[in-house]
Structures are given as C-alpha cells and as structure tokens.
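Trainee: So you can see what is in the structure, the chains are spelled out below.
2 protein chains.
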Amino acid sequence: MAKPPQTAIQPTRADDYPEWYQQVIRAADLAENSPVRGCMVIKPWGYRLWENMQRALDDMFKATGHQNAYFPLLIPMSFLEKEAEHVEGFAKECAVVTHHRLEPDPDGGLRPAGKLEEPLIIRPTSETIIGATYAKWVQSYRDLPILINQWANVVRWEMRTRMFLRTAEFLWQEGHTVHATAAEAIEETERMINVYADFAENWMAMPVIVGSKTAAERFPGAVDTLSIEAMMQDRKALQAGTSHFLGQNFSKAQEIAFQTEAGDREFAWTTSWGVSTRLVGALIMTHSDDDGFVLPPRLAPSQVVILPIYRDQAQRAEVLEYVASLQKELMAQTYAGLPIRVEVDDRDVRGGEKKWHHVKRGVPIRIEVGPKDIEKNSVFVGRRDQAKSVGLPRAEFIQTIGKTLADMQQNLFDRALELRESNTVDIDNEAEFRKFFTPKNEAQPEIHGGFARCYFADEASIDALLKELKVTIRCVPRDHNDVSGVCFATGRPAAKKAIFAKAY
Amino acid sequence: MAKPPQTAIQPTRADDYPEWYQQVIRAADLAENSPVRGCMVIKPWGYRLWENMQRALDDMFKATGHQNAYFPLLIPMSFLEKEAEHVEGFAKECAVVTHHRLEPDPDGGLRPAGKLEEPLIIRPTSETIIGATYAKWVQSYRDLPILINQWANVVRWEMRTRMFLRTAEFLWQEGHTVHATAAEAIEETERMINVYADFAENWMAMPVIVGSKTAAERFPGAVDTLSIEAMMQDRKALQAGTSHFLGQNFSKAQEIAFQTEAGDREFAWTTSWGVSTRLVGALIMTHSDDDGFVLPPRLAPSQVVILPIYRDQAQRAEVLEYVASLQKELMAQTYAGLPIRVEVDDRDVRGGEKKWHHVKRGVPIRIEVGPKDIEKNSVFVGRRDQAKSVGLPRAEFIQTIGKTLADMQQNLFDRALELRESNTVDIDNEAEFRKFFTPKNEAQPEIHGGFARCYFADEASIDALLKELKVTIRCVPRDHNDVSGVCFATGRPAAKKAIFAKAY
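Protein chains in written order, with UniProt numbering: chain A, 1 to 504; chain B, 1 to 504.
In short, the hints are calculated from the structure, not lab data.
Note that the list lumps identical chains together, so a pair holds whenever it fits in one copy or between two copies.
Here are the simulated lysine to aspartate or glutamate pairs, EDC-like style, with alpha carbons at most 20 Å apart:
| # | residue 1 | residue 2 |
| --- | --- | --- |
| 1 | K115 | E103 |
| 2 | K354 | D143 |
| 3 | K92 | D105 |
| 4 | K62 | D346 |
| 5 | K136 | D29 |
| 6 | K115 | E158 |
Chain A with its partners taken away, still in its complex shape (with noise of 0.2 Å):
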C-alpha cells in the first residue's frame, strides 16, 4: 500500500539530508526557529524528551556523588581575560550586556540606557564564573573534592545556526569538580565520559567512539579533552559530550589553592564536563526515517499510544472504557524498571492522519482498538521500526510489552551500529584518503565514506590536507593506542590512531 505522500517526510534522506533533518523536526513537533536570531523555542514534545533526558542523566551524576547548584548567567567582562585560551575560544561569539535598563528615544520607541561600568556577558560555559566562587571555597585539602553539576542555559553568538545542533542560545548540564591531585581529576574526567557514553548507548540506542581530542580540537584551556562520537545516518560525526581535564590551567588563573595535610599550599585540580540539548539533534539523526522521528524507547515520553476507533457515541462510550482499562494494564506492566508510558488520543482527527501524526512523532507502539477489537479481545499493533502493523491477542500484547520495547531498543542501536561498522574504515595512503572523504554524489555533497582510521604523525603537518576536505581529527580513541604504524598522510612513524571524518 502507498504510503500517503503528505504524510511522510519531504525531502527524503536520499534526495536532501539537511533539510530532511529540519523537515523531521517539524512534523515531530519538536521545535521551531523563534523571532530571535539563532535561538529556538522548544516545543512540548522535544521539551517531554528533553526532561526524559535530564532525568536520567542526573540520576546518574547523582550516583557519581555529584550535587546540583547554580551560578551566575551573568559573567564580569575581567573574568573571561584571566585564562588566555579560554577568553581566545568565546570572546568571538558571546552575548554582551551593556546597560540595565531602557528609555524612550527622542525619536521614538527605546533605547537603551544606564550604561554598566563593566560590561557582562552571557555565560557561553561558566569555568571562570564558577572557579570565581570555588576559589573562595576551598582553603584546605579537606574542602576536597568539589563535585557540582549546573543545569542551565548558555549563549554562544555562533553564526550559522541548526535546530539542537548548534543555536545560539541552548541548554546543558555543566559539571565543574575540583579535587587535590591530578590522579583523581584525571580519574574524574574519565568517570564522566563513562556516563556519558552509558547514556548515549544504553539510552538513546547511539553506538559511540570514546577517545582524546587531539591539541587542535581541545576545550580552550584544557590539558585534556575527552569526547564521545557518533556517526549520523549521513555518516558525519557528532560529537555528542566531552569531560575536560583541565590541569591546573584554570585554579592558576583564578587561584584555586588548598593547604595539603602536609600544610603545603598547593594549586587544585580541576575539570569540566557537558552535554546539551545538541543531544537531541543526534537522537534525531541516529535513529529516524524518511516517515519522521523514530524514539528510542527508553526516553519516549510516550511508549505506546492508543488510538480508539468508532463511528457513533454508543461505540465511542463501549470503545473508550475498553481502551481505558487497556491503558491502565499496560502502565502496570514495567520497561526498564520504569512503569509502561502510555497515551490515549481520542482527538476528533480522521484515523489515518492520526495515526500519522505519531509515526512522525516517533512514539514506538500504535495500537488501534474498534468494536472488532472488541470482540476478538485483540489488538492491532504497529511498531515504528516496522513497517506492516499486526493483531495481536489482548493478553500476550500486554504481557510482552516490556520485552517488545527491549527489543525495539536493542534493534535501534544494533542498527545503528551497523551503520557505523559498515562505514568505517582503516586508511594507510593519502590517495585513499582523499578518495574516501569525495562526494560520492554531486548533488549531496556532505555524502562521504564515513570514519576513516588512520594513523597519523603529528596534527600540523596534515592540517593543510584537512582544510582542503572540510575533514577533522575526532578524536585518538582509547582502544586503539596499543600499537604505531606509519602517517597515512606523510609515511612517517607514528603512534597514534585516529577516527577522522567530516563533523557536525
């Protein structure tokens, strides 16, 4: 059966990636460009999956021994000057306050008015806020470790803008730690990266790379940069979180210092780690198809919706009591630990566009009950990874709910790890190199080969290379540091191995 053509999503994957992904977004409902430059407003069910999200994720920062606070949005224009890096990486893109309030303009409207002796920005990440206030905190090595997690909202002025991917205004955690020796910072910044790539994978069914950014690619200020990266369906890479360890850069340039048990002073050790609403754009472009959204659904805010069918008031009230009595035996059923998230639409919307409208949505099960229903004591069962719908016996649909859901997130993520394994390869020559990351396809230019394993000397020397392919180092990843071999680029000896790709 033809799909109905305004329905699924136009333009497909095939025909235009990008502007698939914004199509998506639309008919899911997730978000929309607000009258702000840059910044969106989102919707209902993005923020639903968002608040998924932040639920889990804090659950785990909790029991990492983490606490919540919440610091300043406003930051001192001085503060930003104290680490030379960091003020090189945001100075060029943050949001800057000058005046506290406005006036009425001789020539009409307002203006602005009552200059600030110091100017403040908008926090675009908040190390030197924060560390402002950690340096007050810690005197002594029992004062130690710090560990605080921030939910908030930041701004970077970033001129090309994406929905989630990149927004001038946007939303994430932020986790600032201190701690007394570099051993224990260092062993923080790989704790977090640990959470992050459980969530990515246990969570959102996203395979992920973990692996240290090179020099080039590092946090401005870090000693150490650690990421998560995932491949897209187009087979561009997202980075999806990192956890800097950031040495003693920042505690020396705010004067973070403790007195030992030795009754030394001594600067701390700091990190930083953070994942956003970006988040939600890899989900988007992991797992969805050319019919929408496809949740994986482990953070679906709504796992199952039941769609009640019928033609006159005496069907509708027989038709909604048996759908309510169906809904509250399935929430009684338990995926992942969790009660079964369900949802009734009776919305008065003809049938096939409501069912539509959650295919788009990505809510893993439909399932349709009229009076026939009724009478067979069944149910007819569509999965959003599958394409035909079934009747299933009431009973056994309910029973095997929470396994149903299991399995369409094991599905999800084998899928696309397969995308990943299928995409990625190993790269000894240039002439391959360059092969690999040419369009295959004129008109989709950002369609390439995928990840590409080389190894590869030294950062500088390939940089020109890189440019020229719109290609970046993602990162050297952990588990493939064991060995050297020989720069794909230069034929020199070199010891590190890393993922390169073409990056959102």
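Use these hints to put chain B onto chain A, whose structure you have.
Mentor: Coordinates of chain B only, in the frame set by chain A:
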C-alpha cells in the same frame, strides 16, 4: 544546658531580623552572594530544596493539564514596546545586550564589539516573546486552549537586592495560557492561584491568603492579578505567587487571534502565573528560629540524618553496620506517599559541631547512635521543632517515623497560622491604623502590628497615607467581600475589604 554561642544564629530574630535572615542562609549553607552585582550562588543544600519544590509544583502543573516548553532568553527590544503598561513596568530594570563579541581593547583588556542592529533584553518575564510565538500557533478554536509552563531564569535589574527575596537574576516558572473565552481564562487564573495556595500550605506549611490585587499593585498589563500572601515572623507580608488574567491586552498587542466555530475572527484571552526562588526566602522567614533553618519535612532534602558515634575503629565498624541497617529500614517507611529520605553523616568532625551543623541546616530529625544505644536497641532522637532529645526504642522510632514527620509538618503550619491570626486585626479608623503600623521599638523599625483588615473606598484617596506609613494593600481576600462597610481613612462607604501590611 546552655547552647554553644558559636553555633546558634547571631543576631537573633529579636535583635535584628534582616541580619538574622542573612545569617540563617549562611549557617544553613543555602546560598551566598556572587561576584556579580545582585546575583547569588545557590549552593547544593539550597538547590536540593528548590529541586524538591520544582518537582512538587511540576507534578501539580501536569496534573492540571499543562506541558513544559522552552522559549528564548533574549527578547528583541521592539517586542517590549507593544504593550504600553508592560513596557512601563519593565523598561526601567532590564539587562540590555547590545554587542555580540569582545575584541582586544587598544588600552588593554577587552571591549564590546559587533554592535547588534536591534538591542536584545534578557527576559524579565516572557509574555512578549511567548505571545509572538502563540500568535503563529493559534489559528482556529481547535488550537485552544494552549496550556504551557516554562522553568527558566529571568533578570530584573533590581537596585536593592536580598538573597532569594529579590535578586537581579532568579529562577522561576512562568505559565502562559491561551483560551477561547474570558470565562475559561478566568477559571485558569483561579485554578493556578489555588495550586499555589495548595503548594504553600500543604508542602511549605505556610498559610496564605488568596486574593485580588488592587489596580495599582497589578502586574503591568493584567486585567486582574491574584496573589497568595503570607505573614513572615516579623509580621511583614510576602507575596509568594501570582496568577494574572491578562484579558485581551496581550492578544491584541500581539495579534493572538483565532477563527471561532462560527467562523468569526476573535482575539484570544490569555493568562500568566509564576512562582520563583523567592519561595525559599519565604520558607526561611516562616519557620526558622534562632538556631537556624527549620525545614518542613515534606520539602526537606534529608528528613532524617543519622550521626554515628564511636571512639575507635572497632566501635566504628559495629556502629556503621547498625546505622546502615537502620537507614535501610527507615527508607522502607514512607511519609506523604514517598520513601523517607535518610542521610548518614560519618564525617570526621567533633560530635557537638556535627549536631549543630544539622540543626542549622534544618534537618527535621537527627538521631545519634553509639555503642550504648546499640546495646539497648534504642536511638537518641532530636526533633528540630523540640528543644530536648529523647531516647526511643528502635522499633517504635521506625514504625512511627512517617507519623512523626506528618506531626512536625502540621506543627509548623499551626505555629505559622497562629502567628498570623494573632497579628491580624480589623481596623476601622485612621488613628488606630497609624498606631498599628508605627514601629513598637526604634531599634527594630521593621516590627509593627502585622496585617490590618480594613474597608477602603478607593485607592487614590489613601495613597498618600500608605506611602507615609510604608504600607501597601496586599490583596482583597476572596472571602471578605460579602458585606460592605466604611472606609477606615475617609469614612466614605466602601465595598471592599483588604489586607494592609508592610511587605517584602
């Protein structure tokens, strides 16, 4: 037994109430001033309290049909100009973003660069930016109602700030709804003030008066503002939450219009409602005492803290094992439908200091467990609302913990209600009114009579008197409008009776 002077709060409430408030916040480790003018750092203990408040309120919002979403932090200046009263109310105190990057200043340091074509303001409240979005969403009566809430930070450039009560940046939620009829919008406005009253009384143990603001005290742009008003221990009023019926003021200014079922085009009716981190300040000033913070059990991050007591490592192992099993059994009990929240404090800190630490931060119940208690199978229990600790058989303590917490919650509410009732009087003449609001003690100008319930004819005619005495009309309580009387100041006939008070 005299309390160690270093642990109780100095000054006491009777000595200097405003300074006592600051010292309770400090002693309870709730928040501190930040390096940024008027902005505070909310520390982990204070933030956990806010998280508990958020969770409870969010559940109540969802149970009344609302969904969360997120709108931009920044608002184009021109948006503010659209509603005349609104701009009047907020233009004088908003942070204005005028530039989008920083560049090196030839004189050293940095300076703002990249001037924006149109200045942006940081939201002081979001009616204007959300309304602009709703104008697009609302086309037909089928799109209504829109019932959305946002958890966000806002900035109002207050000149005189006080932690939690009035800060330049604060955290809050703001509900923004759109309806097809005035009646529905008014019903929503009332529904939400009732949600706030329910939360204040049943979660915060803080009795409140629900009423309407008079014209001069209304939200800028509102047709009617409902508020909940509470009496603090210094007898001043604190507005703890507001719900605004905005009529068609904003929908006309922003073109939020829809086609009715009959085919006509009509402007919609909107509401907005919010509570903020100010509630934490209200909680502190309602229940705390000269020993520090007192937490209502229902919102306490930890409801019970266990303090293990031992002299050596052998005792330590025995005590910690006993404590772990005690914690587990307590956590299996419930209060208000949730498992009891139990913390164990095994820090290496002197016993007295440790006990006072938890007294000051307001943990409802402390239990000390040492070898002798284990021998007797008893626990030594200190309730935050009682001076003396008592020994109790372990089993009895565990079995009654839910009831004990419920009693404490009720005691706090009763005590606060008793304070309000005994400091609320009906006044029908100006002489008595003046006397009531004259400080009883020159050293403490804040302490005065409390709440005066008076008939008044019209606001303008008593304005000068109120300004002189620094008294405001808090609200016209909804249960005091059934009869009419005589204006306390002018002697003219009056239909409205209001609560008059000095206020935060």
